[in-house]
Amino acid sequence: MINEKNDGYILITVLLLLLVLTVLGIAAIQTSTVDNALSGNVRLRERNLSKADAGAEVSTGLIERSVREGNITGFTNIISPTFDAASPNYLPTELRATAFDPDTLDVAFTVDSQSITVDIDKMYSK
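Counting in this note's numbering, the sequence shown tops out at residue 408, every number present.
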């Protein structure tokens with residue numbers, strides 16, 4: 283004998299279950315989207331840190347050579363733009379005499395298709 287007093291509780295139960303599964307699916311999609319954004323930010327941070335480290339590493343040798351020898355021989359392939367020795371923007375001169383100049387980039391080079399630029403300014407002594 284068939285019970286004729288089904289008040290639709292199966293339909294409501296299935297709809298509630300479908301709602302719960304939909305909410306879980308949306309939460310999973312949002313979590314994966316956030317994870318992708320975070321991994322992209324981590325990769326960008328690591329790349330920028332690597333570029334800064336490369337610029338500092340190359341600049342250290344360049345500064346040592348400029349101070350010790352008064353010239354930049356051996357580094358002319360990465361100096362950009364190039365200035366003649368009489369220019370106040372010539373790196374050995376700039377390190378000793380010129381006030382802070384935020385506009386003149388001193389070193390530019392490329393590593394693995396990443397452009398690296400460095401601005402070296404006046405040395406300050408204690």
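Note that these hints are calculated values from the structure, not bench results. Backbone N, C-alpha and C fix where the C-beta goes; we use that ideal spot for every residue, glycine too. Hints should not be assumed to be uniformly reliable.
Simulated DEER-style distance windows between Cβ atoms [unchecked claim]:
(1) 328 - 375: 53 to 59 Å
(2) 302 - 322: 27 to 33 Å
(3) 321 - 297: 35 to 41 Å
Evaluation of the provided hints:
{"no.": "1", "hint": "328 - 375: 53 to 59 Å", "verdict": "violated, 36 Å"}
{"no.": "2", "hint": "302 - 322: 27 to 33 Å", "verdict": "holds, 31 Å"}
{"no.": "3", "hint": "321 - 297: 35 to 41 Å", "verdict": "holds, 37 Å"}
Comparing the model with each numbered hint stated earlier shows that hint 1 is the single one that does not hold.
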